[in-house]
Amino acid sequence: MSILQILKSSFKSIFARKLRSILTMLGVIIGIMAVIVLVGIGQGTTSSVMENMQSLGGNIVTINFRSNNPTYDELKTMLQNVQTASITPVSSSQGTAVYKTNSESMSLTGTTATYLDSQSLTLMAGRFISDVDNENRSNVVVLGGTIAKSLFDDSYKALGKLLRINNVYYTVIGLLSSENSDVMNNSGNAVILPIATLQKSSVDKSISRAYVMGMKDTDGSVLANRINTVLLKTLTSNDYSTFGQEQVLETMSSVSNSLSLMLGGIAAISLIVGGIGVMNIMLVSVTERTREIGVKKAVGATTGAILKQFLIEALVLCGLGGVIGVGLAAILGSVVNSMGITFTGNAGISLLAFGISLLIGIIFGLLPAIKASKLKPIDALKYE
Amino acid sequence: MISIKGLTKTYPSGRGKMTVLDEINLEVQKGEFISIMGKSGSGKTTLLNLIGLLDNFDSGSYKLSGVEMKSVDQRGLARTRNRDIGFVYQNFNLLANFSALDNVMLPQLFGGVPAQRARKKAQEFLELVGLGDKLKNRPTQLSGGEQQRVAIARALINEPELLLLDEPTGTLDSKTGAEILELVKTLWVKNKMTILVITHDREIAGEAQKTLHIKDGKIMEGSAGL
Ligand SMILES: Nc1ncnc2c1ncn2[C@@H]1O[C@H](COP(=O)(O)OP(=O)(O)OP(=O)(O)O)[C@@H](O)[C@H]1O
Ligand SMILES: [Mg+2]
Numbered sequence: 000m001s002i003l004q005i006l007k008s009s010f011k012s013i014f015a016r017k018l019r020s021i022l023t024m025l026g027v028i029i030g031i032m033a034v035i036v037l038v039g040i041g042q043g044t045t046s047s048v049m050e051n052m053q054s055l056g057g058n059i060v061t062i063n064f065r066s067n068n069p070t071y072d073e074l075k076t077m078l079q080n081v082q083t084a085s086i087t088p089v090s091s092s093q094g095t096a097v098y099k100t101n102s103e104s105m106s107l108t109g110t111t112a113t114y115l116d117s118q119s120l121t122l123m124a125g126r127f128i129s130d131v132d133n134e135n136r137s138n139v140v141v142l143g144g145t146i147a148k149s150l151f152d153d154s155y156k157a158l159g160k161l162l163r164i165n166n167v168y169y170t171v172i173g174l175l176s177s178e179n180s181d182v183m184n185n186s187g188n189a190v191i192l193p194i195a196t197l198q199k200s201s202v203d204k205s206i207s208r209a210y211v212m213g214m215k216d217t218d219g220s221v222l223a224n225r226i227n228t229v230l231l232k233t234l235t236s237n238d239y240s241t242f243g244q245e246q247v248l249e250t251m252s253s254v255s256n257s258l259s260l261m262l263g264g265i266a267a268i269s270l271i272v273g274g275i276g277v278m279n280i281m282l283v284s285v286t287e288r289t290r291e292i293g294v295k296k297a298v299g300a301t302t303g304a305i306l307k308q309f310l311i312e313a314l315v316l317c318g319l320g321g322v323i324g325v326g327l328a329a330i331l332g333s334v335v336n337s338m339g340i341t342f343t344g345n346a347g348i349s350l351l352a353f354g355i356s357l358l359i360g361i362i363f364g365l366l367p368a369i370k371a372s373k374l375k376p377i378d379a380l381k382y383e
Numbered sequence: 000m001i002s003i004k005g006l007t008k009t010y011p012s013g014r015g016k017m018t019v020l021d022e023i024n025l026e027v028q029k030g031e032f033i034s035i036m037g038k039s040g041s042g043k044t045t046l047l048n049l050i051g052l053l054d055n056f057d058s059g060s061y062k063l064s065g066v067e068m069k070s071v072d073q074r075g076l077a078r079t080r081n082r083d084i085g086f087v088y089q090n091f092n093l094l095a096n097f098s099a100l101d102n103v104m105l106p107q108l109f110g111g112v113p114a115q116r117a118r119k120k121a122q123e124f125l126e127l128v129g130l131g132d133k134l135k136n137r138p139t140q141l142s143g144g145e146q147q148r149v150a151i152a153r154a155l156i157n158e159p160e161l162l163l164l165d166e167p168t169g170t171l172d173s174k175t176g177a178e179i180l181e182l183v184k185t186l187w188v189k190n191k192m193t194i195l196v197i198t199h200d201r202e203i204a205g206e207a208q209k210t211l212h213i214k215d216g217k218i219m220e221g222s223a224g225l
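Residue numbers (numbering that gives the first Met the number 0), protein chains in the order written: chain Z, 0 to 383; chain U, 0 to 225.
A couple of the hints might just be wrong.
Simulated restraints on C-beta separations [what the hints assert, rightly or not]:
1) Z:I2 with U:K69: 51 to 61 Å
2) U:G129 with Z:L22: 31 to 41 Å
3) U:K69 with Z:G326: 27 to 37 Å
4) U:E123 with Z:L22: 36 to 46 Å
5) U:G129 with Z:G303: 31 to 41 Å
6) U:S64 with Z:G354: 20 to 30 Å
DSBU-like cross-link-like pairs, simulated, lysine-lysine; straight-line CA separation at most 30 Å [stated by the list, open to error]:
7) U:K174 with Z:K375
8) Z:K307 with U:K69
9) Z:K381 with U:K4
Hints listed in this document are in silico derivations from the structure and should not be mistaken for laboratory results.
Glycine residues also receive a C-beta, built at the ideal position from the N, C-alpha and C atoms.
Assemble the whole structure, with the sequences as input and the hints as a guide.
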């Protein structure tokens, strides 16, 4: 028989056993769909998390000082040969704020205008502290939404009011939105003053932390290297530590990699389950098919011709199931996408899933056929 | 046509072996119409399966058209089954999921005949056995007699020199059985192939030129044993 004829007779055979064929294809379809969709969601989530992280500023290096803390001016001098977009100092101290009968103890952050950008904060109302505020050592303060609410009952009422912190009055000039507030960045409870104002009365002008933002195209790790090089000229590695967004990204990516791995595992299990389904159906029909092989051998089919027929039948069946599975996965992917979950199609994974289910179909479609075709025609005819 | 010498066939039985055919000899000339009789379990089907190359034998020699079948390989046996032998079974052995036409086409397709020609010929043969109007019917949509006609059409489509029938009328009522027998006789007269038919029916046996009896693993000619 020519390949075309075998193909035709395979289709005939597939259509002749509609239920069996549909069930077999279903196994393949479900397996492939699960792999593509789950891995797609895993990868989509990973890349969307990474994008979010990158938008937070991929090239900001945080310097935490432990000892021999420099002042803001000293740090600027140390970093003068490093190309930076901004250097944002942070000096912290404790304080108690009082408004009418409300009182809160809190940690105060003294910093500069660039703090807003380097921490990706947004204002809810008013303005942030400016360079002029620092020059003038103005008594102004920017409050986080949560703390403003607890002091002024309604956070919007805080704007323009005088707030007494450690017995000095400060004008509330801005409110931070607590929308981006999270574990790493508790902007809701922030109390931000110009660093010059905070350090006005204290002898110790050192800073505890600084955020250094690189120029636009500078890579985070390159920037960190440069900063370390210059800092180590005056400080030891015990005095400070640097922490780049890179490291956060690395942590995140390892988290989402294990997420992908887990989803991939689930997908692999579905593929196996689908494969077992295919196997079952192929094995269940083995009696019928063994008799069929017997009949074919009795009318003069060679073993080769029979196996070719079974192989092509399995290929057609699983291939068709595979194509449908990939198609459905694409549709499901766009549905998932429209629900707000990022889905990234992956040709490699799709191809792999396709190949595996094809392999399963061929192995379990062919194994019984190989066994049956080795029987004497009379034994295949009488098989039960 | 057929030359069998000292052929022995055993089946495994318990720990030992059961000899069903014990060094039998048989000569069949081309164009002969022979019936085979014998008690149930005497080995009639076993013999026909061996002649039809569906089974192997233990020892002895079986020559078909002068060729020793013991030394022919799998492909050669398939080819001989395809071209030279037509087999009709008591239980029809049709493919359940295939139409009458597809069933009859099968030997043609495995013989390398293009589908178009195979279909045309299958149609002719089904018309010949009186089923021209049931080409698309599946075996389940046919009566026993009709199924046996399909099986006969399938056995004959490659115009074999040897037609083997194992109780072709066994499951049919006597009227249908007589019709099938009439059909076989007509085909024999027309095509002059060699026919071996197993039967319990003396009437059918009487139509044959020669009747063989199998008893205790041996073959006897004529009405011996009756
Ligand atoms: N595959 C087998 N394995 C073991 N024994 C078998 C096998 N096939 C047949 N036999 C035995 O061989 C003997 C001959 O069987 P066979 O089918 O040839 O009988 P038969 O003459 O055709 O009988 P019937 O008229 O009932 O069809 C029987 O005793 C049977 O039990
Ligand atoms: Mg029998």
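Hints and how they fare:
A C-beta distance of roughly 34 Å is found between I2 of chain Z and K69 of chain U, which places it outside the suggested range of 51 to 61 Å. At about 38 Å, the beta-carbon gap between G129 of chain U and L22 of chain Z stays in the expected band of 31 to 41 Å. For K69 of chain U paired with G326 of chain Z, a C-beta distance near 55 Å fails the hint of 27 to 37 Å. For E123 of chain U and L22 of chain Z, the hinted distance range of 36 to 46 Å is satisfied, since their beta carbons lie about 38 Å from each other.
Between G129 of chain U and G303 of chain Z the C-beta distance comes to about 36 Å, which sits within the given range of 31 to 41 Å. A beta carbon spacing of about 49 Å between S64 of chain U and G354 of chain Z contradicts the range 20 to 30 Å that was offered as a hint. Proposed proximity of K174 of chain U and K375 of chain Z is contradicted: the alpha carbons are some 35 Å apart, above 30 Å. With a C-alpha separation of about 26 Å, the suggested pairing of K307 of chain Z with K69 of chain U holds against the 30 Å cut-off.
Pair hint K381 of chain Z plus K4 of chain U holds up; C-alpha atoms about 27 Å apart against a cutoff of 30 Å.
Of the numbered hints given earlier, the model fails hints 1, 3, 6, 7; all others are met.
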